[in-house]
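Engineer: Input sequences plus hints: build the corresponding full structure.
Those protein sequences? They're chains U and A, same order as listed.
Counting with UniProt numbering, you get residues 1 to 197 for the letters of the first sequence.
Counting with UniProt numbering, you get residues 1 to 197 for the letters of the second sequence.
No lab work stands behind these hints: they were computed from the structure.
There could be a bad hint or two in this list.
[To be verified] Restraint-style ranges between C-beta atoms, simulated for each label pair: (1) A/R76 to U/S112: 48 to 56 Å; (2) A/P37 to U/G19: 17 to 25 Å; (3) A/R76 to U/G19: 31 to 39 Å.
[As the list claims (entries may be wrong)] Below, in silico cross-link-like pairs of lysine to aspartate or glutamate (DMTMM-like), each with a Cα-Cα straight-line distance of 25 Å or less: (4) A/K23 to U/D183; (5) A/K45 to U/E34; (6) U/K23 to A/E49; (7) U/K195 to U/D183; (8) U/K23 to A/D183; (9) U/K45 to A/D36; (10) A/K23 to A/D36; (11) U/K23 to A/E120; (12) A/K195 to A/D183; (13) U/K23 to A/E65; (14) U/K45 to U/E65; (15) A/K45 to A/E120; (16) U/K195 to U/E137.
Everything numeric in this text was worked out from a predicted model, so none of it was measured.
Cβ coordinates follow ideal geometry from the N, Cα and C atoms, glycine included.
Spelled out from the first residue to the last, the chains are:
Number of protein chains: 2
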Amino acid sequence: MSYTPLLQQLIEALRCLPGVGPKSAQRMTFHLLERDPEGALRLAKALTEAVERVGRCDSCRTLSEAPLCPLCASQRRDRRLLCVVETPADVLAVEQSGAYAGLYFVLGGHLSPLDGIGPEEIGVDALLARAREGVEEVILATNPTVEGEATAHYIGELLREQGVGVSRIAHGVPLGGELEYVDGSTLTRALAGRKPI
Amino acid sequence: MSYTPLLQQLIEALRCLPGVGPKSAQRMTFHLLERDPEGALRLAKALTEAVERVGRCDSCRTLSEAPLCPLCASQRRDRRLLCVVETPADVLAVEQSGAYAGLYFVLGGHLSPLDGIGPEEIGVDALLARAREGVEEVILATNPTVEGEATAHYIGELLREQGVGVSRIAHGVPLGGELEYVDGSTLTRALAGRKPI
Ligand SMILES: [Zn+2]
Ligand SMILES: [Zn+2]
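Structural biologist: Have a look at this one:
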């Protein structure tokens, strides 16, 4: 093939993006170098700054460059409600439904003993401590998958022992799907239909 | 919404990639920051190096960080054949067909008077000079679109006046398509079926 080393390097580097195969990577490379070199440099800078400066919110563990994310820092959220989700993308999905005004806790995944992911890896102790800070209801919004259900069940038991109200979002969310891809109105129904567990 | 400024900046910067909408950009951002920060830094470096160092081959005008691209620098190409294409991606498409062993000339587009793109913008003088360097046949492989056909016709006339043999790739390539997306076997047929014009 006739790629020069720097073109080859860029095509390969673009493959780190989810959903980008060899053909798309080649197309992106030519597009950037021929039509949008400024966009390419802006992207390089945005990538570097984000990797170097974005960490985790001290309170909810979502992605944030400030010690507290905008949601946790806001005075307008209901601090009696805590919604537990698997990923930062799930926080956004729930926010986009517009149906929730409480705070969040991001597990960063779900229990998966075979992969060595236990309660410690998903921050269960931090969640229990967080729930003691005036939280009246914890809404478990892990994915409606087998692993998400098992994780919700495990966390729910511990919270109940601690005397905290616990609910699970209703199964308006389609079973086997991923929360991140559920539309806002389905999430609204799921939140409204939540039941104590 | 609850993106922090650096997340927002990265999501917007990713939109410079062709085919990447807001939802994909968000997905890419979370993926990179949560799962592949090294990939993100590698991509940032590859983008910067490519933009800063990749220019045009002095001879064929394709993308290259060296003064001569690997094809023009090769001793194994047939210098009597010159294939004229619109873009660097088209060079790769023809190379991938495996049916051609000559050299190339990249116009960087096609004639488009309404957009102010005339013979000078697509390097017609450079092409005519290049064709005088021992070239026996110029194969016009501009896109099989109205503009590509018009460009091929215009260039073909000038080359014939100069006494150079000229051919057009056969219409095995589907009309209205873009050369970059044609499969190798179709391109092979199109090259074999080329006719003098
Ligand atoms: Zn937070
Ligand atoms: Zn060249």
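Engineer: Checking each numbered hint in turn, tell me which of them this model violates, lowest number first.
Structural biologist: 11, 15
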